[in-house]
Amino acid sequence: MKTLTITILLVISSARTMLAANDPETPLTLEQAKEVGRLKSRFLKEARAATADPRGVPEASIAYFQESVAPVLTRSCLACHGPQKSEGRLRVDKLNPDLLTGSDVARWREVYNVLSNSEMPPEDEPDYALADADRGSIVDWLSGELNKASVIRRNNKEHSSFRRLTKYEYNYALQDLLGLPYALANKLPPESASEDGFKNSSELLQMSAMQFETYREIGLKALKRATVSGERPEAVTYIVSMQEEMNKATSGKNAKTFDKNDKSYRNNRNRQHLLNRETGKGFHFSGGKSMPQPEAVTGQTPAASPVVLVLPRSNELKLNLDRFLPDEGIMRVRIRAWRSTMNPDEYASLRLVFSAHTSNNANFSQVISDRDIPVTASTEAPQFIDFDIPLGDIQRNPFRKLTTTFPRRDEFLHIHNVSNAGGGEEPLQVLIDHIEISAPFYEQWPPKTHTAIFIESDNRSEEEIYGREVLTRFLRRVWRRPVTSGEVDQFMALFVEYRPGFSNFEEAMLEVLATALATPEFLYLTQRVAANSPETPGTISDLELASRLSIFLWSSIPDDELLEIAEQGKLSEPETLRAQIGRMLSDPRSKRFSQNFVQQWLGMDGLDSVTHITDSSLQEAMQAEPIAFFDEVLRHNGSSMDFIHSDYAVVNERLAAHYRIPGVHGPHFRRVPIEPQANRGGLLTGAAVLAMNSDGKDSHPLKRGVWMLERILHDPPPPPPPNVPEVDLTDPDILKMTLKERIADHRNKPACVSCHSRIDPWGIAFENYDALGTYRIRIGNTPVDATSELFNRQTLEGMDGLKRYLLTDRQDQFARAMVHKMTAFALGRPLTFADRADIDSLTAQFRKKDDRLGDLVHLIIGSDIFNSK
Amino acid sequence: MNHKSALLSRRTFLRGTGVALALPWFETFAAGSPAADETPKRFVSVYHPDGVGLPLKADPAWKDWSWFPRGGEKDFELTKVLDVLEPLRSDITIYSGLSHPAVRKVHGHSNADQYLTGAATGGHGAYKNSISLDQVYAEHAGEFTRHSSLVMSTNGGVGGPRGAQTQSFNREGRPIPAQNKPKQIFDLLFVTSSKDAAARLARSKSALDLLIANTRSLERQLSRHDQATLKQYLDAVRDTEVKLAKAQKWIDTPIPEVDTQHLHLDAEPKEARLYFQTMYELIYLAFLSDSTRVATFQLGRENGEGPHDLLSMAVGLGGAHGLTHSVKNPKGWENLGTYNRYQAEEFGRFAQRLKDTPEPTGKGNMLDNTFAMHGSASSSFHLSRNYPIISAGGKNLGFTNGRYLKFGKGNEDNQAGAGIVTDAGWRGKMEAEELPLAQLFVTVLQRLGVETDTFAGQTGTLSRV
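Protein chains in written order, with the numbering used here: chain A, 76 to 944; chain B, 427 to 891.
Source of the hints: derived by calculation from the structure; they are not laboratory data.
From a predicted model like this one, the values you see are computed outputs, not experimental measurements.
Virtual Cβ for every residue (Gly too), placed ideally from N, Cα, C.
Honestly, I wouldn't trust all of these hints.
As the list claims (entries may be wrong) - Which residues of chain A face chain B? A partial, calculated answer using Cβ under 7 Å:
no., residue
1, S283
2, S434
3, N436
4, P807
5, D808
To be verified - Below are the DSS-like pairs computed for lysine-lysine, each with C-alpha atoms no more than 27 Å apart in a straight line:
no., chain 1, residue 1, chain 2, residue 2
6, A, K476, A, K364
7, A, K296, B, K631
8, B, K621, A, K242
9, B, K631, B, K621
10, B, K781, B, K821
11, B, K554, A, K262
12, B, K669, A, K296
13, B, K621, A, K299
14, A, K242, B, K781
15, B, K669, A, K299
16, B, K631, A, K262
17, A, K666, A, K645
18, B, K631, A, K299
19, A, K242, B, K657
20, A, K476, B, K607
21, A, K296, B, K621
22, B, K855, A, K772
23, A, K944, B, K554
24, B, K609, A, K476
25, A, K772, B, K554
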């Protein structure tokens, strides 16, 4: 192992030598910068032991301080931070060198940060320059002392991972528990985000009476949706056969048909029409009125019809369903469709829209399908496309039950072709010959969601026994642990009390189950302590680990397999745990991790409130990109340094068009190689980040700088002081300035300089990207000036320079930030100084694993901090 | 009228049984309601669709039939449209230059949806609304009364998106169905007693008992730090218990008795005067009996057919909506003005009734403790600007009346917005500057005792109000 490491280091150093031998004017490529920067890592150099000192109580190394640290501080720092001058109100000569018991830990952390980031001493103060060796020795001493100080504070934690589920976690938990794929928790109020941007942070997850009542309401409603009573209800069914539509439409004498073989067909080709493929006869058709067919049988595969609906790109079929759809239940829309051509660069997909036009101006329409379903089949083998729409959740025509005819009572279903099809003689179109609409639709009766709660049992007729069976099974899933018969007794007593008020067993039981869904053990992530030692933190149990794991990776409760393993006490066995993490990451539910972690880490909510993106498909693509990028790195266990820069992008067609990356077709995200001149790669140049950190018209360097510091480097600037002077845009002198000049002018005000000099330069380096994230080299007639100078006099030449600097000099800081952010998310609590040693230790391991993202997930889950109460 | 004495006896009854009902949970409730013995603060909003008549200054009809008064803040002069309010002059305030910025370019036919919400409800496509002013206050004041609010309209129900038949929207932006039948409203207020409700309540109580026991047993297994977190949950359950106790209290409390002799509970909109007065009387009785402190009343849909169109029959005119479209016909402005005058007259009658009634359990008269709003979300020609708004009362809440408050700039004569003189102009460019109506809403909420400084995304109050 050691040999291997040495070999790698040798290769890297020789690469470096080679580079150094090149023309000194040629800067490193960003990929080279990754290698060079890695060599500078302190985490890789240190042979740190595990964080905790096995010998017991750690002691401060004051002697070393007096001998080696104090003289250097006196030489290089005292002139500005001493008796004569105390810049930043810091006097290093007054700091207590005992970090373990002294009260200056916070100041020492600042000293540590500025020294390890080479921000101090300032580069233009050569008299006080710090030799690398001296800097190293102070940083190492401080790092060790801070760690010890952190360890001894570990036992009096301010924050706990005991917390209630977030709105989104609760929603997923309920969905997974009941097998309902629909949004169930919209009624809950939104969560606020912590300083780190996380919505799952324990200190912010409050509970109120209103919230509690909403849980009860949602729980009962969801249970009622999952279960059924009585006989299978008669479905309302519409069947639209294109053959019949053609017959109806052309039965009159004056029907205006056309012929596919006529020259004039080109005028009709790109408007939706019915076409008899045998005779070539065509007829314009935008949809008609359908009535339910009482005898209709659904789910059939009728013989292929010569008559098809031709649905070109961006066209839609609009079906008037009158007023007969039921209020509740699933509407199954089943469409037999295929593609007219099979060019792989073109795609077509179907989307459902629902609308009503009740009276003049009182109309609405909304997309009701939660995603577009691609049409992939060829003429030879048509496919059935199924949409399941919960009718109770969508906007319906409220007048549908009027006995009068005004306002209008009818409701419309639109089938829309979303496609990138080009033109030409043979454009890609969707062909449809058969449509079924049926509601309420049940795959089987009673549905699985029902039998999962009201399980099959020989004891069904004996309510006392059967009730206990139902409850025991349900409570185990709800509480993520085995239940005792005493606990079941409590709920059975409630059932017995309720039973006379209801006509059947199920209805009474649902009320009881709804009560279980309002218990704290469902709504909260618990961690128990032994009764006799309530203050001793320890290791969480396997069952608690299972919940913590599933909340981290699935934003939801454990499934049966995970729960079973935990019940057997095997989950914490390293091999089992590793296998379970692997299984969970390859489960589709792990997409929730990518989505929720990235949205919160990067603060993507900001994109929802911008108003300057007018193309909704672009906005959606922007929103999805960082998540898809993270997911790509995670799935391939790639290096987190790719977040700073990558030689590939993860885009779909819409976003690729925005970035001017050619050859990307279709709505799905995929990894594509990019050239440096694309000016993309990594998260910093993602359109979402750039657009949400804009002011609606143009880039906003300050927002971008703050975002960089908070989200990427985890070095948040302090909030602006009160009475901060605004930029006065009525001042003609200021109005004349360029944005960069205006910022500089503002920064030069004494009240602003100390913070802004740390923020603005980062943001100015983003100036080549406008408010939509488009790359630019001019703003109006002025060339973009994206060159800035950091606080430590480091020059950043635009985005490329920024990335290069981060990769050569700030890898450790970013890696640590990444560990910090993901650990805070995984634990669902704010991290404090007491966690510092753990985070450092994790960062060292992470760096040794080549910063691989998938490994980080494993490292965090295997860490002491993740397994502690 | 003997209903007042009946109400007094109900209050006496309440006081009398207070002791008998002093179970522990009830005590908690009483202790948790500091405002229980304060004078009620009330809010009512009456909405009429389709705006008002605002002829151009050059039009001969301008002098008599322009809705807004002329003159200054205190020396204003009411035109023929609002002169019926002259006797209440010192109890009303008229506002101009206010509108909701998010919907200034939405056609007036879609306006009833956003008058009390200020949401960007738009003109087409997906639809989203937000909580209405009355419901924000109802969340605050609802716990003191049997009904948190009374939601009424001539057409009833919720209507359709952009065709609302209710003024009230809950916190999720969903419409709250409005009642339109006087008999049903009366029964709801003064007759109904629900066995179902009592059974539901009993079930909830048992469920809460179980949850508390369950929480207690979990609590014992938590660290002290986590116990403190769990306490929040326990408090939430306890608060819910208090609410249940309150609901129980209303089930146990006899419904106030009201003399129905003067009420025409079968009145329908086509008997316009009778219907109108009955609906107002029901709000009055609901307030008088302190059955609720919040009410909204919408006079129908923005356009087209419907019962509200018949209200104009009270002054011998045809379909109300048609009046707004025929202002260019002979006597067009006068006809619309006459109908608007009638609306003001009924509102004035209602305000006067509140003014003539001493506050049953507090200071002053009922009008002094009520902020009563009357208005529309269109000015003229279906323009979603310069809403014509009157408020009455609220003296004890801090409102100074007897004023005409002009806001904004550029339309001092209240001509139809920006010189637009046809129904096709609703999309037109806005030349005049107006202030967000939501700032008046913030003022109202603050004076009703709700701690807030924003509404519908607008921050701050309206100066001078």
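Quick rundown of the hints versus the structure:
no., hint, result
1, S283, "holds (6 Å)"
2, S434, "holds (5 Å)"
3, N436, "holds (4 Å)"
4, P807, "violated (24 Å)"
5, D808, "violated (28 Å)"
6, A:K476 with A:K364, "holds (18 Å)"
7, A:K296 with B:K631, "holds (19 Å)"
8, B:K621 with A:K242, "violated (34 Å)"
9, B:K631 with B:K621, "holds (16 Å)"
10, B:K781 with B:K821, "holds (11 Å)"
11, B:K554 with A:K262, "holds (14 Å)"
12, B:K669 with A:K296, "holds (21 Å)"
13, B:K621 with A:K299, "holds (22 Å)"
14, A:K242 with B:K781, "violated (48 Å)"
15, B:K669 with A:K299, "holds (25 Å)"
16, B:K631 with A:K262, "holds (23 Å)"
17, A:K666 with A:K645, "holds (26 Å)"
18, B:K631 with A:K299, "holds (21 Å)"
19, A:K242 with B:K657, "holds (20 Å)"
20, A:K476 with B:K607, "holds (18 Å)"
21, A:K296 with B:K621, "holds (22 Å)"
22, B:K855 with A:K772, "holds (21 Å)"
23, A:K944 with B:K554, "violated (43 Å)"
24, B:K609 with A:K476, "holds (22 Å)"
25, A:K772 with B:K554, "holds (26 Å)"
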